[in-house]
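Protein chains: 4
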Amino acid sequence: MKPSNKKSWRYKIHEIIYEADTPMGKLFDIILLILILLSVIIVMLESVRSIDLEYHKLFYVIEWIITIFFTIEYIARIITVKKPKNYIFSFYGIIDLLSTIPLYLSFILVGSNYLLTVRAMRLLRVFRILKIARYIGEGNKLKKALLESRAKIFIFIFAVLIVAIIAGTLMYLIEGEESGFKSIPVSVYWCIVTLTTVGFGDIAPVTPAGQFLATIIMILGYGVIAVPTGIISAQYVRKERDDFVHVNTQSCRNCGASKHRDDAKFCHKCGYELHSETNPIA
Amino acid sequence: MKPSNKKSWRYKIHEIIYEADTPMGKLFDIILLILILLSVIIVMLESVRSIDLEYHKLFYVIEWIITIFFTIEYIARIITVKKPKNYIFSFYGIIDLLSTIPLYLSFILVGSNYLLTVRAMRLLRVFRILKIARYIGEGNKLKKALLESRAKIFIFIFAVLIVAIIAGTLMYLIEGEESGFKSIPVSVYWCIVTLTTVGFGDIAPVTPAGQFLATIIMILGYGVIAVPTGIISAQYVRKERDDFVHVNTQSCRNCGASKHRDDAKFCHKCGYELHSETNPIA
Amino acid sequence: MKPSNKKSWRYKIHEIIYEADTPMGKLFDIILLILILLSVIIVMLESVRSIDLEYHKLFYVIEWIITIFFTIEYIARIITVKKPKNYIFSFYGIIDLLSTIPLYLSFILVGSNYLLTVRAMRLLRVFRILKIARYIGEGNKLKKALLESRAKIFIFIFAVLIVAIIAGTLMYLIEGEESGFKSIPVSVYWCIVTLTTVGFGDIAPVTPAGQFLATIIMILGYGVIAVPTGIISAQYVRKERDDFVHVNTQSCRNCGASKHRDDAKFCHKCGYELHSETNPIA
Amino acid sequence: MKPSNKKSWRYKIHEIIYEADTPMGKLFDIILLILILLSVIIVMLESVRSIDLEYHKLFYVIEWIITIFFTIEYIARIITVKKPKNYIFSFYGIIDLLSTIPLYLSFILVGSNYLLTVRAMRLLRVFRILKIARYIGEGNKLKKALLESRAKIFIFIFAVLIVAIIAGTLMYLIEGEESGFKSIPVSVYWCIVTLTTVGFGDIAPVTPAGQFLATIIMILGYGVIAVPTGIISAQYVRKERDDFVHVNTQSCRNCGASKHRDDAKFCHKCGYELHSETNPIA
Numbered sequence: 001m002k003p004s005n006k007k008s009w010r011y012k013i014h015e016i017i018y019e020a021d022t023p024m025g026k027l028f029d030i031i032l033l034i035l036i037l038l039s040v041i042i043v044m045l046e047s048v049r050s051i052d053l054e055y056h057k058l059f060y061v062i063e064w065i066i067t068i069f070f071t072i073e074y075i076a077r078i079i080t081v082k083k084p085k086n087y088i089f090s091f092y093g094i095i096d097l098l099s100t101i102p103l104y105l106s107f108i109l110v111g112s113n114y115l116l117t118v119r120a121m122r123l124l125r126v127f128r129i130l131k132i133a134r135y136i137g138e139g140n141k142l143k144k145a146l147l148e149s150r151a152k153i154f155i156f157i158f159a160v161l162i163v164a165i166i167a168g169t170l171m172y173l174i175e176g177e178e179s180g181f182k183s184i185p186v187s188v189y190w191c192i193v194t195l196t197t198v199g200f201g202d203i204a205p206v207t208p209a210g211q212f213l214a215t216i217i218m219i220l221g222y223g224v225i226a227v228p229t230g231i232i233s234a235q236y237v238r239k240e241r242d243d244f245v246h247v248n249t250q251s252c253r254n255c256g257a258s259k260h261r262d263d264a265k266f267c268h269k270c271g272y273e274l275h276s277e278t279n280p281i282a
Numbered sequence: 001m002k003p004s005n006k007k008s009w010r011y012k013i014h015e016i017i018y019e020a021d022t023p024m025g026k027l028f029d030i031i032l033l034i035l036i037l038l039s040v041i042i043v044m045l046e047s048v049r050s051i052d053l054e055y056h057k058l059f060y061v062i063e064w065i066i067t068i069f070f071t072i073e074y075i076a077r078i079i080t081v082k083k084p085k086n087y088i089f090s091f092y093g094i095i096d097l098l099s100t101i102p103l104y105l106s107f108i109l110v111g112s113n114y115l116l117t118v119r120a121m122r123l124l125r126v127f128r129i130l131k132i133a134r135y136i137g138e139g140n141k142l143k144k145a146l147l148e149s150r151a152k153i154f155i156f157i158f159a160v161l162i163v164a165i166i167a168g169t170l171m172y173l174i175e176g177e178e179s180g181f182k183s184i185p186v187s188v189y190w191c192i193v194t195l196t197t198v199g200f201g202d203i204a205p206v207t208p209a210g211q212f213l214a215t216i217i218m219i220l221g222y223g224v225i226a227v228p229t230g231i232i233s234a235q236y237v238r239k240e241r242d243d244f245v246h247v248n249t250q251s252c253r254n255c256g257a258s259k260h261r262d263d264a265k266f267c268h269k270c271g272y273e274l275h276s277e278t279n280p281i282a
Numbered sequence: 001m002k003p004s005n006k007k008s009w010r011y012k013i014h015e016i017i018y019e020a021d022t023p024m025g026k027l028f029d030i031i032l033l034i035l036i037l038l039s040v041i042i043v044m045l046e047s048v049r050s051i052d053l054e055y056h057k058l059f060y061v062i063e064w065i066i067t068i069f070f071t072i073e074y075i076a077r078i079i080t081v082k083k084p085k086n087y088i089f090s091f092y093g094i095i096d097l098l099s100t101i102p103l104y105l106s107f108i109l110v111g112s113n114y115l116l117t118v119r120a121m122r123l124l125r126v127f128r129i130l131k132i133a134r135y136i137g138e139g140n141k142l143k144k145a146l147l148e149s150r151a152k153i154f155i156f157i158f159a160v161l162i163v164a165i166i167a168g169t170l171m172y173l174i175e176g177e178e179s180g181f182k183s184i185p186v187s188v189y190w191c192i193v194t195l196t197t198v199g200f201g202d203i204a205p206v207t208p209a210g211q212f213l214a215t216i217i218m219i220l221g222y223g224v225i226a227v228p229t230g231i232i233s234a235q236y237v238r239k240e241r242d243d244f245v246h247v248n249t250q251s252c253r254n255c256g257a258s259k260h261r262d263d264a265k266f267c268h269k270c271g272y273e274l275h276s277e278t279n280p281i282a
Numbered sequence: 001m002k003p004s005n006k007k008s009w010r011y012k013i014h015e016i017i018y019e020a021d022t023p024m025g026k027l028f029d030i031i032l033l034i035l036i037l038l039s040v041i042i043v044m045l046e047s048v049r050s051i052d053l054e055y056h057k058l059f060y061v062i063e064w065i066i067t068i069f070f071t072i073e074y075i076a077r078i079i080t081v082k083k084p085k086n087y088i089f090s091f092y093g094i095i096d097l098l099s100t101i102p103l104y105l106s107f108i109l110v111g112s113n114y115l116l117t118v119r120a121m122r123l124l125r126v127f128r129i130l131k132i133a134r135y136i137g138e139g140n141k142l143k144k145a146l147l148e149s150r151a152k153i154f155i156f157i158f159a160v161l162i163v164a165i166i167a168g169t170l171m172y173l174i175e176g177e178e179s180g181f182k183s184i185p186v187s188v189y190w191c192i193v194t195l196t197t198v199g200f201g202d203i204a205p206v207t208p209a210g211q212f213l214a215t216i217i218m219i220l221g222y223g224v225i226a227v228p229t230g231i232i233s234a235q236y237v238r239k240e241r242d243d244f245v246h247v248n249t250q251s252c253r254n255c256g257a258s259k260h261r262d263d264a265k266f267c268h269k270c271g272y273e274l275h276s277e278t279n280p281i282a
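Protein chains in written order, with full-length UniProt numbering: chain A, 1 to 282; chain B, 1 to 282; chain C, 1 to 282; chain D, 1 to 282.
So here's chain A without its partners, still in its complex pose (with noise of 0.2 Å):
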């Protein structure tokens, strides 16, 4: 076999696996987004008592069979791609072996097959293998006015956390263990279920004192939820805006006119060149 063949083979291998642009390709991406799925619903089922009484020999070898897939699938990454390194510590080389190891895992500790829906994080590809290029654009988007709010969020979750522990040690103290309230940390609990507005219930207060407390921090809880929202809001506006606007606050040398599109090069109102210190003409 001569070298020369050999990369071509795992150049072809390479182009199955990391690329949706030839017809094998393509059918391979769908196989693997199909075998995603499978899996990830079959370790769902398996998880329901009655269901997998009756199916759990054929559960076992479907989940087997996809393993050793998964697991082929992971090693020709590893052997085709140039920098396997970089790969492997890669966001999806990380979750390309998570999803392979529980359930070789699950010799050794029981339960542990479970952990096989972290395959759910491989429908992340769906996005690259589809090719919606758009969908990608948007989660870019969030995901910048994600980061690009985190100190906000950071500083909000910050002052959630400080609020939860006081009104939560105050509400151990007034509703005492025969309201739910056990004990502190508990309590703390309750405070972050009715500040973020979910309020399950199991633990309610009962006594006048804990009830009117408890007033106090849903009335809190319901203010502060604007705060996040209105971050997230104002991100989203600027960044809009941004796209939008292009604005820059250069003036025209001839008719003084301002507030020119970013990648203009004539004035709007006269046609008289802008960017003059770059044209010794003008």
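Accuracy of the hints is not assured; some may be wrong.
[Stated by the list, open to error] Per label pair, the in silico range of CB-to-CB distance:
hint	chain 1	residue 1	chain 2	residue 2	range
1	A	Lys144	C	Ile30	50 to 58 Å
2	B	Leu147	C	Ile94	43 to 51 Å
3	C	Leu147	B	Tyr11	41 to 49 Å
4	A	Lys144	C	Ile94	47 to 55 Å
5	C	Leu147	B	Ile13	35 to 43 Å
6	C	Phe154	B	Ile72	30 to 38 Å
7	C	Leu147	B	Lys82	39 to 47 Å
8	A	Lys144	D	Val206	44 to 52 Å
Note that these hints are calculated values from the structure, not bench results.
Since the model is a prediction, treat every value here as computed from it, not as a measurement.
Beta carbons: idealized from backbone N, C-alpha and C, even for Gly.
Once you have looked at the hints, place chains B, C and D on chain A.
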């Protein structure tokens, strides 16, 4: 009977059924609305055992009268319209059909008469009938805003589902069946109940580890609720600004650049004079 | 007694009751506020059995004193105002009447004295009385924003109701009476509880199909909560921009600069006088 | 000991306690943060009976060590600062005092040691200590946005309370004590639980009329949640726009008009030339 006469007869019916400009057309539409409302209320009351026991016969008769009326109306709509296919496969055409079928179906399938509540959707006609042009405008804006945000909303729901599947599996492993987390699908259901801040409380974590994970899920959900809100807010704000900021749809004759400022006289890209149609020199 | 004298007597009372500029007027208003608050608190405490048993007589006496005071005040307001009809049928006139009637009614109808809590609405006077012009301004803005959004909000509530009726019927068919979905009206009630993310949990789906449908309803509700928020946000943003920007589309005749403040008389760029059409010199 | 020497000794301590620029100061701050966290965790764990039974003595000792450390720190802060009164009555001064008192108080009042969780507020120092200027900036923005919206938020809470009192009374009259609506205060509490979409479900309407009123309250609450969000969103958007739109704080020397465009050379009101300080002619 002359054909022209027959045509005018069909035309008259068409005017009454499809339009609301004539007194007869208005009367027809108001009767229709009252019958729709009456029918929905009766179907709802029929399901209340104590009321049904007393008035079963009355309800039965009224329901049949309304259904026959609707059937005749449906046939009349098909006959009098120019292109029946367009009507039959339109949104309202399908709703109109679904509004008559269930009662006939109830001879074969017990309980299918409850599906008559689909008639509630016929109430959407209220907007068209009462000529509340302004409200329809708002409805269209809403629809447009939702349509334009659909990529963002799709990404968002996708992300929520993946988080719910992974967090649900973890909750199942941590809490186990004693706490009500009977299977992974149930746990995923609980996760969505929590992420959306609904929080029924029929299932709630009882172990410290479970409550800790629940806290993280809730704060995540709390932060995440901001995302769709921010998206729609920005969409609305932009829509209103679009009306406000003075950009026009004109293209430059020379280079084809668009989105000029409303008061622009020269292209911002090539300096070519705009408004050439009113300017014979250019 | 001279008529001029009598007029001045009525005028004095008017000044005390309706205005808060004189020391007497201020004192009257503060006493009024305290009595309103006291009365609301007493009615609330009266409903707590343990407290009522002990202080019933005291509460009874205070309530009658306050009611007689309010009755006298109501009559005085009618007598001293110029156009009594305007007052009687105004918002505050109706509230004032409703604040006195229930106790008299309690001779005939048991329990109607609890309706005295309608007096809480009299507390809205606090804004007028304490002359917090700024707060009233905010209140008016809020009212205006809500009024301008009323078409959108109406559409929105209408859509929510139609979704709730259809989804409620489906839940009734899927879950049945054993799970608490006793009738379609109850199911619709549950749907609204879920769509609004309140989630009491007194009724909750137990079948897999019901939980699946509930998941869809919740995600729908989650996405939908964004809509009214987005509407109000955009409304507020626009309102603030309206206050803030005040720019017009006028261009300076001399230098062509645009986006002048609405009240600008001179160009901000060259100092040339604007409004040339009303200025024959320019 | 020379006074200059003593001064330098006090100065050194001041530098260590109040600043974080020197290695010693940094070390001190990090130890402080760890002790605060440790103390809060211990107080929380102490309330969990099973853990407390095992480690009670250990917790007791650690708590006393930390409290003595905090007491010494508090005294050192007072001694070394120039104006002790300013520190003592500042926000952090009061928090620092409240962080030490509860344990001493526990000799007299059983359970007051739980109030040590107020130490959680000392964690706010983390922002100052770790010099996360950016995060502080965000925090200040948040505080400013909240302060500027306080009139709106006050109006909003006031309106929510009046609605809750009136709706609560109606629910009490409709549902009665059998459904858990034991008294008007409890009903008002339930109303706030519902309006804020928390929905514990410990109390829930069971009569059709009660469920109907609850539906109205929920839709109201659903629409109303949009209001604080809209307020904060608009506040944030405006704040960002303030940075963006080029208005300055300059006043016209001639007529006093302000809020000129950043690039304005002449007053938009009177045409008087601006920037007179750099312009000797004007």
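Against the structure, the hints come out as follows:
1. A:Lys144 / C:Ile30: 50 to 58 Å: holds (55 Å)
2. B:Leu147 / C:Ile94: 43 to 51 Å: holds (45 Å)
3. C:Leu147 / B:Tyr11: 41 to 49 Å: holds (42 Å)
4. A:Lys144 / C:Ile94: 47 to 55 Å: Between Lys144 of chain A and Ile94 of chain C, where Cβ atoms are some 54 Å apart, the hint holds.
5. C:Leu147 / B:Ile13: 35 to 43 Å: Cβ of Leu147 of chain C to Cβ of Ile13 of chain B: about 41 Å, so the range 35 to 43 Å holds.
6. C:Phe154 / B:Ile72: 30 to 38 Å: Once the Cβ atoms are compared, 32 Å apart, the range 30 to 38 Å for Ile72 of chain B and Phe154 of chain C holds.
7. C:Leu147 / B:Lys82: 39 to 47 Å: holds (42 Å)
8. A:Lys144 / D:Val206: 44 to 52 Å: holds (49 Å)
Every hint, counting from the list given before, is met by this structure.
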